[in-house]
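Asks: These are the residues of each chain, in order.
Number of protein chains: 2
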Amino acid sequence: MEYSTPKGMRDFLPDEMAERELVLDRIRAVFRKYGFVPLETPAMENLETLEKKCGDEISGQLFRIDGGLALRFDLTVPLARVAANNTFPKPFKRYCISRVWRREEPQKGRFREFWQADIDIIGAPTMRAEAELLACASECIVALGFPKPSMRVNNRKILDGMVRALGIPVENEFAVFRCLDKLQKIGDGRVAEELAAKGIASDKIEKLIEFTKTDGSEKEKLALAEKYSEEGAGELRLLLALCKEYGTGAEIDFSLVRGLDYYTGPIFEISLSKEIGSVAGGGRYDNLLSLYGQADCATGISLGIERLMALRKKKEASSGPRVFVACVKEEFYPDALAVASELRSRGVPCSTDLNGRNLRKQIEYAAAAGASYLVVVGEKERKEKRAKVRDLASGEEKEMAFGAIADFALTKD
Amino acid sequence: MEYSTPKGMRDFLPDEMAERELVLDRIRAVFRKYGFVPLETPAMENLETLEKKCGDEISGQLFRIDGGLALRFDLTVPLARVAANNTFPKPFKRYCISRVWRREEPQKGRFREFWQADIDIIGAPTMRAEAELLACASECIVALGFPKPSMRVNNRKILDGMVRALGIPVENEFAVFRCLDKLQKIGDGRVAEELAAKGIASDKIEKLIEFTKTDGSEKEKLALAEKYSEEGAGELRLLLALCKEYGTGAEIDFSLVRGLDYYTGPIFEISLSKEIGSVAGGGRYDNLLSLYGQADCATGISLGIERLMALRKKKEASSGPRVFVACVKEEFYPDALAVASELRSRGVPCSTDLNGRNLRKQIEYAAAAGASYLVVVGEKERKEKRAKVRDLASGEEKEMAFGAIADFALTKD
Numbered sequence: 032m033e034y035s036t037p038k039g040m041r042d043f044l045p046d047e048m049a050e051r052e053l054v055l056d057r058i059r060a061v062f063r064k065y066g067f068v069p070l071e072t073p074a075m076e077n078l079e080t081l082e083k084k085c086g087d088e089i090s091g092q093l094f095r096i097d098g099g100l101a102l103r104f105d106l107t108v109p110l111a112r113v114a115a116n117n118t119f120p121k122p123f124k125r126y127c128i129s130r131v132w133r134r135e136e137p138q139k140g141r142f143r144e145f146w147q148a149d150i151d152i153i154g155a156p157t158m159r160a161e162a163e164l165l166a167c168a169s170e171c172i173v174a175l176g177f178p179k180p181s182m183r184v185n186n187r188k189i190l191d192g193m194v195r196a197l198g199i200p201v202e203n204e205f206a207v208f209r210c211l212d213k214l215q216k217i218g219d220g221r222v223a224e225e226l227a228a229k230g231i232a233s234d235k236i237e238k239l240i241e242f243t244k245t246d247g248s249e250k251e252k253l254a255l256a257e258k259y260s261e262e263g264a265g266e267l268r269l270l271l272a273l274c275k276e277y278g279t280g281a282e283i284d285f286s287l288v289r290g291l292d293y294y295t296g297p298i299f300e301i302s303l304s305k306e307i308g309s310v311a312g313g314g315r316y317d318n319l320l321s322l323y324g325q326a327d328c329a330t331g332i333s334l335g336i337e338r339l340m341a342l343r344k345k346k347e348a349s350s351g352p353r354v355f356v357a358c359v360k361e362e363f364y365p366d367a368l369a370v371a372s373e374l375r376s377r378g379v380p381c382s383t384d385l386n387g388r389n390l391r392k393q394i395e396y397a398a399a400a401g402a403s404y405l406v407v408v409g410e411k412e413r414k415e416k417r418a419k420v421r422d423l424a425s426g427e428e429k430e431m432a433f434g435a436i437a438d439f440a441l442t443k444d
Numbered sequence: 032m033e034y035s036t037p038k039g040m041r042d043f044l045p046d047e048m049a050e051r052e053l054v055l056d057r058i059r060a061v062f063r064k065y066g067f068v069p070l071e072t073p074a075m076e077n078l079e080t081l082e083k084k085c086g087d088e089i090s091g092q093l094f095r096i097d098g099g100l101a102l103r104f105d106l107t108v109p110l111a112r113v114a115a116n117n118t119f120p121k122p123f124k125r126y127c128i129s130r131v132w133r134r135e136e137p138q139k140g141r142f143r144e145f146w147q148a149d150i151d152i153i154g155a156p157t158m159r160a161e162a163e164l165l166a167c168a169s170e171c172i173v174a175l176g177f178p179k180p181s182m183r184v185n186n187r188k189i190l191d192g193m194v195r196a197l198g199i200p201v202e203n204e205f206a207v208f209r210c211l212d213k214l215q216k217i218g219d220g221r222v223a224e225e226l227a228a229k230g231i232a233s234d235k236i237e238k239l240i241e242f243t244k245t246d247g248s249e250k251e252k253l254a255l256a257e258k259y260s261e262e263g264a265g266e267l268r269l270l271l272a273l274c275k276e277y278g279t280g281a282e283i284d285f286s287l288v289r290g291l292d293y294y295t296g297p298i299f300e301i302s303l304s305k306e307i308g309s310v311a312g313g314g315r316y317d318n319l320l321s322l323y324g325q326a327d328c329a330t331g332i333s334l335g336i337e338r339l340m341a342l343r344k345k346k347e348a349s350s351g352p353r354v355f356v357a358c359v360k361e362e363f364y365p366d367a368l369a370v371a372s373e374l375r376s377r378g379v380p381c382s383t384d385l386n387g388r389n390l391r392k393q394i395e396y397a398a399a400a401g402a403s404y405l406v407v408v409g410e411k412e413r414k415e416k417r418a419k420v421r422d423l424a425s426g427e428e429k430e431m432a433f434g435a436i437a438d439f440a441l442t443k444d
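Keeping their order, the protein sequence lines are chains H and D. Residues in the first sequence are numbered consecutively from 32, following the working numbering. Residues in the second sequence are numbered consecutively from 32, following the working numbering.
Keep in mind that the hints were calculated from the coordinates and are not lab data. Every value quoted in this text rests on a predicted model; they were computed, and no experiment measured them. Keep in mind that the hints are not guaranteed to be accurate.
Identical copies look the same in the list; a pair holds intra-copy or inter-copy alike.
[Claimed, not checked] Calculated pairs, DSS-like style, for lysine-lysine (alpha carbon to alpha carbon, straight line, at most 30 Å):
#  : residue 1 : residue 2
1  : 414       : 258
2  : 121       : 419
3  : 419       : 305
4  : 229       : 275
5  : 345       : 429
6  : 38        : 83
7  : 419       : 275
8  : 411       : 344
9  : 235       : 416
10 : 344       : 238
11 : 275       : 411
12 : 121       : 429
13 : 235       : 83
14 : 429       : 258
15 : 139       : 179
16 : 392       : 411
17 : 258       : 38
18 : 360       : 250
19 : 275       : 416
20 : 235       : 258
Only chain H is shown next, with the shape it has when bound in the complex (with noise of 0.2 Å):
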């Protein structure tokens, strides 16, 4: 009988989640230094705090727990319900690093648990906090190894703006924009034509098709913008004003949509390359927080963890101990216990002989449990309190005294 890991859920073995803990260490590094707190809330929710918010497509893919209980399917819900619920100095800008779940079909890339990372700020209205969010996700990118990535914003009252002046009816629009959200996956000859099932009309399926095509200059982009939404345009030119001040940058870009209802502004997307999707995305959302009864604007960025994990190329932690400290004779394990003791005190992660084994297979074990160096104690070591060094992977030994390895192995990469 074989007992296997849930459905679309997987297993961090050591070498993985080693990684795994380095990236969402760095991440909340960056977060908190740009001065957010941490807000945990529990991987349940009551059924009715998570239907209140998601969609009939999300309920569907909600994991149900006895008690009118279900897991949380993203990190905005219990921030919008904590915020109703407790008082905090306004902005209040808190990070979240933590697993959600969503029973939809698993495929590349996509699981039914998996980790977001998120920031958002709740009671700043100006486009200071959107570009707080924008340099904060950058930097983080920055800080896994990535090129600074680029940014695309948009802005939701210019969609709307746009969707009015072509007279689709107001009811309509939500679908419409959730049809021009999969222009990059499905295509515009499928977007039109499920723009024309919701009753679209041809020559305004092509004007709202041209619009998110729209190319030229800055200045361009926002004197169109500025047709559709003064108000738009103006968060628009003062969010790429900020994001220039930060050294940033970003660029506007109108195919960009997001496919939730609730967004209400700006709305922004960061991708390492045309090619690969978006790596992290959010917006605007004034008007979510007061479903769960307290009315505040608020704007969030959710790093797509499993896609930047995915996209590493160079692994950088590993989780096999820095020394592995082996001992010729059972009687001088104490011995070998002493120099893993120092070298423990000085935060170097080492390993010794639990299993009284002879050298050779301490040594192999050693190596397969992915240590870096190798000290061998024996009588003339544990006497003259030196040993030598072995590389694990080179092979090469340096001689030194015991007080020595623990420098030498913090240092040397």
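Put chain D on the given structure of chain H with help from the hints.
Replies: Relative to the frame of chain H, chain D by itself:
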């Protein structure tokens, strides 16, 4: 309409979560120093995986999910499943610091969602494994600011021998252990009643309880232990000797039983004092892994995060930004950003004014958000690239060049 946290679960607001992150980070750092490697598994498992191990009591506490799944109730079952499905160099030393869920009746200090921090060693049959677990757990507790804890050890083989010597049928053994495990909680009288209800004769009950209270020197206790299990006594002796090598020390306590059925050898608990219950506990479970298809010996210890968090008196983390960079006028915001950017590049968490507020309101916010220092950028400051740094707690001010603020903020407590 108010949306609440699910019963028995908690939101971790920023100050609390910052403290929790600090605690978990410290524990993880110690785990790593001892050469343990991370392993993470999904929050949920197939129901059959969980029910393979858990008894009726825990089965009734499972959070069941549609489609034959349930949330994990501990970190050991997932480890056993992963160990059965993968090949690791042995000994395999893994840590896992993560959440588990049990639908128990919530009470003070007991929650339906809680963190565990476990280290386990698979494939090391000797007491060196147990000694390492105890040393590592003890160091974690010290790293959290507690004095060196006391360790109590016992061995199921000895308890087993004792129960057999009394002629109690083997099939009653675990029931007896579970009763004895409650000695500290419910007292001799009620344990005796429970044992009587299981059909144990009163003279045997008396002897059992008397045995658990055995006092005397280590030598005397070992001599007594030997009467019931030479193997168990030998393991105890070896473990105590190794604990001395680690400088941790340990005491034999025959009243230590541990409630779980699956322990097969050494069992242990770590306490901060007699009055407070244990903060960590574990034991050897050599037969558990074979349930999942791969026989191997194993031993582990689990730190009680919730209890440790509750017992920590001095909080060390603050979630507020280290520095708040205010600006006197709107137009100086880019200068404030430049100061913030330099501070961030040096690793100093800081925030700027996202709302375009007047200076007084910015300062009020900085204090409310828990910032340690305030820097105000005005005409003079931006020109001279110098500013006063105000300690928001004491009100003290010190003028320095922009470039010196990071060092100041990092070194000052």
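Asks: All the hints need checking, so say for each whether the structure fits it.
Replies: A quick look at each hint next to the structure:
1. 414 x 258: neither (85 Å within a copy, 40 Å between copies)
2. 121 x 419: Answer is between; shortest inter-copy Cα gap is 25 Å, intra-copy 58 Å.
3. 419 x 305: Intra 51 Å, inter 46 Å, cutoff 30 Å: neither.
4. 229 x 275: Neither way: residue 229 and residue 275 sit 40 Å apart in one copy and 77 Å across, limit 30 Å.
5. 345 x 429: within (28 Å within a copy, 44 Å between copies)
6. 38 x 83: both (27 Å within a copy, 19 Å between copies)
7. 419 x 275: between (54 Å within a copy, 27 Å between copies)
8. 411 x 344: neither (44 Å within a copy, 47 Å between copies)
9. 235 x 416: neither (83 Å within a copy, 55 Å between copies)
10. 344 x 238: neither (41 Å within a copy, 65 Å between copies)
11. 275 x 411: between (64 Å within a copy, 24 Å between copies)
12. 121 x 429: For residue 121 and residue 429, only the inter-copy Cα distance (28 Å) is at most 30 Å; the intra-copy one is 57 Å.
13. 235 x 83: So residue 235 and residue 83 fail the 30 Å test inside a copy (33 Å) and across (60 Å) alike.
14. 429 x 258: neither (72 Å within a copy, 51 Å between copies)
15. 139 x 179: Within. Shortest intra-copy distance 26 Å satisfies the 30 Å Cα cut-off; inter-copy 49 Å does not.
16. 392 x 411: Within. Shortest intra-copy distance 21 Å satisfies the 30 Å Cα cut-off; inter-copy 69 Å does not.
17. 258 x 38: neither (49 Å within a copy, 51 Å between copies)
18. 360 x 250: between (77 Å within a copy, 27 Å between copies)
19. 275 x 416: Intra 58 Å, inter 21 Å, cutoff 30 Å: inter-copy only.
20. 235 x 258: So residue 235 and residue 258 pass the 30 Å test inside one copy only (17 Å; across, 92 Å).
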